[in-house]
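There are 2 protein chains.
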Amino acid sequence: MGIVHADIGVTLDGYASGPNQRLEKPFGDFPVEHLHTWMFEHAEENADEVAAITDAGAFVMGRNMFSPTRGEHDPEWRGWWGDNPPYHGPVFVVTHHAREPLPMEGGTTFHFVTDGVESAMAQAKAAAGGRNVSVTGGAETLNQCLALGLVDELRLHVVPFTAGDQGSRVFAGVPQIALEATSVRHTPHVTHLTYRRPGL
Amino acid sequence: MGIVHADIGVTLDGYASGPNQRLEKPFGDFPVEHLHTWMFEHAEENADEVAAITDAGAFVMGRNMFSPTRGEHDPEWRGWWGDNPPYHGPVFVVTHHAREPLPMEGGTTFHFVTDGVESAMAQAKAAAGGRNVSVTGGAETLNQCLALGLVDELRLHVVPFTAGDQGSRVFAGVPQIALEATSVRHTPHVTHLTYRRPGL
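For the record, the sequence lines run as chains A and B.
Residue numbers for the first sequence, in this note's numbering: 15 to 214.
Residue numbers for the second sequence, in this note's numbering: 15 to 214.
For the record, the hints were derived by calculation from the structure and aren't laboratory data.
Heads up, some of the hints might be wrong.
Some but not every residue of chain B turned toward chain A, in silico, with C-beta under 8 Å [stated by the list, open to error]:
| hint | residue |
| --- | --- |
| 1 | G93 |
| 2 | I191 |
| 3 | E194 |
| 4 | A195 |
| 5 | L214 |
Built from N, CA and C at the ideal position, the CB exists for glycine as well.
Construct the entire structure; sequences and hints are all you get.
Following this line, the structure appears as structure tokens:
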């Protein structure tokens, strides 16, 4: 049986994105080029961690990670990832607005879930076929999952700069939880911290 | 010439102490027994990091770290650390309220600085005799030092639990700053993350 893992890139002050997310700036007003440098420009030195993010049978994603718009969905919008997204499986997008499932190339299908993150998680677990479920972000969706105790393994990818205390902060509003640090690995552009629920 | 280093124990959500600090609860309403377990109950496995905190010629400390009271100083209060504090050098306490210097056993003297953290830092550097200056916390004083660019090396000692998003948060109000991760070390009860100013 798989576990639920969550990956998120965060600044040293805990932010996963900046304010004012929009089409031209998917991560908002934020030095985004630094936040994900480790994943793109330095993919080789972080190959294991990058691969682990999408090593899952199904995915849970927040609406704000799926699209720059809010409110009703733009039927033309097909995500940030081109025709063949890196998920290659069902992705359950938590949203207030219904939309028909959106099949993509390579096995990815975006399903739009309007009855909350717990429903999205239940659907993802049912669809994962015994593999892991991956919570892909953003911070708000991750925080909801953490608050509900839905995350078994949390992987923080910490970049060595601060966001200036603005944007979407991981752990905002999350109650007291205890974890166990299971691994830590440092590469020049990011520090990978992995935590698990005790007793897992 | 020494550098300015800062050490602080933080929760995974970035808190260094909880709300309602008082005599019976120096770290406020907070699972303090977990926050500093690594330093006391598990001192041996973290011996290098513990020793490095006080390996300095002078110290800068916030008032809230020196005493549980606010406002005018209680002349009977001599700090949390007994007759022979672990600093063994001059400690410059940033406070709004004047008090005569307080010499302790073992070489520690608490000096009370009422004209701000930059003045405290200047006095500490002058007193350090070429050794490092150590910023000992709490979070508010550290944040002021970070915002002013006074910290050369920041050592975060991250414990694997969250505070429930309450208390004094490291990086609160700190603007965007870039650092370099210089070392990371994990022991069962804490993860030690060390950052330096680029080009140092």
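Hints versus structure:
1. G93: With a closest approach of 29 Å, the B/G93 hint is violated.
2. I191: holds (5 Å)
3. E194: Holds, because the Cβ-Cβ distance from B/E194 to chain A comes to roughly 6 Å (cut-off 8 Å).
4. A195: With a minimum Cβ separation of about 5 Å from chain A (threshold 8 Å), the hint on B/A195 holds.
5. L214: Status violated, d = 13 Å.
Checked against the numbered hints given earlier, this structure breaks hints 1, 5; the rest are met.
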